[in-house]
Amino acid sequence: MDIFNLTLQNEALTVIFFAAVFIPALAGTILSLMFRYNKVANLIAGLCITSCAVGIAAYPLRALGVPLSYTFPLSSAVGDYALAIDQISSVMISLSSVIFMLIVVHVVKSSSDSGCRYSGLLNVLFIASFLCMAADSVLVLLISWEMITLSTFLLAKKGNNDRARWMFFVIAHIGGLMLMCAYGYLAWVAGTQTLSDWNGLGAIVGSTTSMILVLMIVMGFGTKLGLLPFHAWMPGLYGTAPTHTAALLSTVCSNVAVLTIFKSIYSYIGVTESMSVIAFAIIGLAAATALWGAMESLVQKEPKKILAYSSVENMALVILCLALGMIYINESPVFAKLILIAGLLHTLNHSVFKSLMLMTIDTVEDCTGEKNIGRMGGLAKTLPLLAVVSIIGVFSMAAIPPTNGFVSEWLMIQSIMGVNLQSKGMSLLIPLVLAAVGICGMMMAASYARLYGFIFLGRPRSDGMREPRPMKNGTLLPMAVLAILCVGMGFFATVIMDVLTTGVVSVTGIAPSPSYRSVMSEEMLPLILGVLIVITSVAVLLVVRPGKEREVRTWGCGEDLGKEMQYSSIGFSQPLVRVFHPFYGDTTVVRETKEGSKKTVHTEFTEPFVRYLYMPLGNAITAISEKISKTQTNRIQTYFGYVLITLIAVLLAVRIL
Amino acid sequence: MNYLEIALMILQFAALILISPLITGIIRKIKARMQNKVGASIFQPYRDLHKLLKKESVVSENASFFFRLVPYISMTAMILLAAMTPFVYGGVIAPYSDVIAMVYIFTMFRFAMIVGGLEGGSAFGGMGSSREVMMSVLIEPALLISIMTLSAMTGVGFNITDISGSINAAGAAAISPALLLAGAAFVITMVAENTRVPFDNPDTHLELTMVHEGMLIEYSGRGLAMMETASMLRLTIFMTLLGTVFFPWGTAMTLSIADLALSVAVIIVKLLVIAFGIALLESIIAKMRVFRMPNMLTASFALSLMAMISLYVL
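Going down the list, the protein sequences come from chains A and B.
FYI, the numbering for the first sequence is 0 to 656, going by numbering that gives the first Met the number 0.
FYI, the numbering for the second sequence is 0 to 313, going by numbering that gives the first Met the number 0.
Calculated directly from the structure, the hints in this document are not laboratory data.
Just so it is clear, CB atoms sit at the ideal spot from N, CA and C, and this is done for glycine as well.
Be careful, since some hints might not be right.
Derived pair list, reagent style DSS-like, types lysine-lysine, alpha-carbon separation capped at 30 Å [unchecked claim]:
#1 B:54 x A:547
#2 A:471 x A:562
#3 A:471 x A:108
#4 A:547 x B:53
#5 A:547 x B:50
#6 A:380 x B:54
#7 B:269 x B:53
#8 B:286 x B:269
#9 A:562 x A:597
#10 B:269 x B:28
#11 A:108 x A:370
#12 A:423 x A:300
#13 A:380 x B:53
#14 A:423 x A:562
#15 A:156 x A:370
Derived list of chain B stretches under chain A, where covered just means 3 residues or more per stretch with a C-beta under 8 Å from a C-beta of chain A [what the hints assert, rightly or not]:
#16 89–95
#17 98–108
#18 117–129
#19 215–222
#20 286–299
Please model the complete structure; the sequences and the hints are all you need to start from.
This is the structure in structure tokens:
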């Protein structure tokens, strides 16, 4: 009787949970369609926040044993619309909801991107991401993924940025097409469209097909994550779209993509020994992407573009981990577990620090009206609190202990180095991957130093920076929460890692023992390192207390320092541009001014992938289309002619065949 | 772990910190003698630090809170590293001594210094930071890979005392292409990381070629004293790592008096040899042009990569 009651209660709880997630967000969507007043916008955003807050409960409910699976009382010709939240999805849903909620709070408070339409679309995006993470049938997965693409496309509208948006739209749909083919084929093979029934379909379709499917899924979701060469939309869209849209794209949408890739590879398709070829290919692609992102981020002129390339790099590292796991899983399962935990942890960490940084940039742009990093500077003096939260985010991105970014990179290197692979060919991979991770890490650190240094430090480089408007009330709150999360998730990383272990074990089917801790450098838990750093710094502070201090103007060789008389952000990365010159696509342009006596010299950076891949491709397609359009003469006689020719051709074909 | 061992490890930790200005003094002295100068006393760095600690700091009005934090972050990083470095005895006082964490603590130091260089808003600091970034993009991976090579070679995990102990126990058998290549990479890294000639000249300020000193230009008084101590400590830690981890023979593994006495003698000889080497290098080689540096640094990177590849191929 008790057991019966419990199940009944649990089922009721599940329904209440899903209802509480969907109803406010749906109400918000409908309201946004009905009203256009700005007063309603806050209500709509509030509904979205409510939904997010309920979404956070996914992990606790799951941990309490509530099943969290539900089939909608609808059905289509293809099958049911079912939701089921397993352990790993519940972790992702909870954290993504936290991030989503904080971003929406920031949207409301900062009011730089407000409006009914924007808030309504936020509701749609939340529903879509939630559905995609909770999907238990292919239909829900594909539809919600498409909804994510469409709603972010609409959310990205700001001013006249159609070029960037359409590039995103087209590239995202190339990905969507690949996913549709891959999942459609899998559903056909499996004979069911319920995802939780798909288990090791790779064994049925054979290794070659499953390798192609894995590649299609990774590349399909990779279009959103920015894998080469699909990263081309990112800087453009991040630079021109509302910052909060960029924040959602780079955090919540990336989480969705990583989660689905992970489940698809390890559970739906399943990894067999013969799949290492594709793992190698993905590792190579991910390493190249990471290096590319790290390099390009150094020369970007807008903070948001720096962060766009940083997302490219971080997500490439996550894909690298997932692909390495495919090799490890047959050779040394415990290391596979470690590297998958590292990858998933990095995804979570990335969403925390990246949303923090994008909010910071939004606040900076809002307060100063400046978008170009070359004209920023000196904000730490005028907006000190923003500088404090921002430096925590930067430390976290640059993987400085004891923040969360450090923990996941440290785990990554440990699992790359610690593993003992059987075959020598595969072992050779280790130094190369390690070198890539090492170079990327330092390049990104340099890029973040540049990001922070040229926004917050030095002297103001333009008038807008000299006297910024004060921050809007309450905008600091979500950033402060995220900054605390950055540090807290670093100190208590092992707690999250334990939680992720359960998920990884249940998805991959690796034996729960030995625990990942048995191969981790055991004594050095992140917590101990964090505490040691704190103790040591307090000790240093007590021994050498700050002495007397006098503030003076920066010495300028006897001159008054003008605002340009300091290092520039583009000059900062110039030495590296010279070292890695061919990869940057940098061209020096010399222009004569109108008087003819003076010449200006400046360096332009064009993303080589755009110049050498997308532009020629686009031009070719345009040229072909123009050729075809010549056949459209707009005269009825011509079309009758075409009909006649087609008819004859078809008849002939039928006769001959 | 008994009390004697703990006392010994605390002692070696303190000794490592305390002798670091002396090492710098010795290098300067040897260098001066090679150039036919008398040179300052080898204890001069202690006097300099003492003087700086007493002086008031002059801080740029553009500098933010982070500028004041940088010296503390640097000292914290270096003290933590000193606690993780085996010196006379094979064990270390820190409750952990993970080599990857060590590399990241170095990054923490470097990152704080690079960001700190951008405070103040003068052209010098930015230039120093910019060049440091260029160098560290190539140095840092070389450092990581060369240390990781040792970890992979010994197969004992990431604990520095295990790595050092394992190479020590293996004796001459541990000498392999991997060790030698990694050692060579580490030597170049050491010279570059500590901004010595030919990468940088630690003795000059206000020179267009400077890197490290450029980032320190805004510091004064206590802040400068701490940054200088951190730099000296960094040099000592690198020299010690070369002497006790890459080529650890002679380092005491047990607590016997004879071993320890031998170990003290051996480490003194090792440090002096390395100091002599650095001084010799600085006397006979001119500083490189900034854009020649990447060639040398890439060589170090390539050496470390070859070290690790040789491990799997040979």
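Hints versus structure:
A distance of roughly 8 Å separates the Cα atoms of residue 54 (chain B) and residue 547 (chain A); the hinted pair therefore holds under the 30 Å criterion. Our distance criterion of 30 Å between C-alpha atoms is met by residue 471 (chain A) and residue 562 (chain A), whose separation comes to about 27 Å. In summary, the hint linking residue 471 (chain A) to residue 108 (chain A) is supported, as the alpha carbons are separated by about 7 Å, within the 30 Å threshold. Proposed proximity of residue 547 (chain A) and residue 53 (chain B) is supported: the alpha carbons are some 9 Å apart, at most 30 Å.
For the suggested pair residue 547 (chain A) and residue 50 (chain B), the alpha carbons sit about 14 Å apart, so the restraint of at most 30 Å is met. For the suggested pair residue 380 (chain A) and residue 54 (chain B), the alpha carbons sit about 25 Å apart, so the restraint of at most 30 Å is met. Annotation: proposed proximity of residue 269 (chain B) to residue 53 (chain B) is violated, straight-line Cα distance about 34 Å (limit 30 Å). At most 30 Å may separate the alpha-carbon atoms for a hinted pair to count; residue 286 (chain B) and residue 269 (chain B) meet this at roughly 25 Å.
A C-alpha spacing of about 22 Å is found between residue 562 (chain A) and residue 597 (chain A), which places the hinted pair at or below 30 Å, so the restraint holds. Taking the CA atoms of residue 269 (chain B) and residue 28 (chain B), the gap is about 17 Å. The hint holds against a cut of 30 Å. Proposed proximity of residue 108 (chain A) and residue 370 (chain A) is supported: the alpha carbons are some 20 Å apart, at most 30 Å. Straight-line distance between C-alpha atoms of residue 423 (chain A) and residue 300 (chain A) comes to about 44 Å, which puts the hinted pair past the 30 Å bound.
The hinted pair formed by residue 380 (chain A) and residue 53 (chain B) meets the criterion: a straight-line CA distance of about 28 Å does not exceed 30 Å. With a C-alpha separation of about 57 Å, the suggested pair residue 423 (chain A) and residue 562 (chain A) falls outside the 30 Å cut-off, and the hint is violated. Distance hint between residue 156 (chain A) and residue 370 (chain A) is fulfilled; the C-alpha atoms sit about 17 Å from each other, no more than 30 Å. Here the stretch 89–95 of chain B counts 3 residues with a CB under 8 Å from a CB of chain A, which clears the bar of 3, and the coverage holds.
Under a criterion of three residues with beta carbons nearer than 8 Å to beta carbons of chain A, the stated coverage of the stretch 98–108 of chain B is upheld, 6 such residues being counted. Coverage of a stretch by a chain is defined here by at least three residues with a beta carbon nearer than 8 Å to that chain's beta carbons; for the stretch 117–129 of chain B and chain A the count is 11, and the condition holds. Figure legend: the stretch 215–222 of chain B, annotated as covered by chain A; annotation consistent (3 residues with Cβ-Cβ distances under 8 Å, at least 3 required). Remark: the stretch 286–299 of chain B is confirmed as covered by chain A, as 3 of its residues place a Cβ nearer than 8 Å to a Cβ of that chain, reaching the required three.
Going through the hint list in order, the structure does not satisfy hints 7, 12 and 14.
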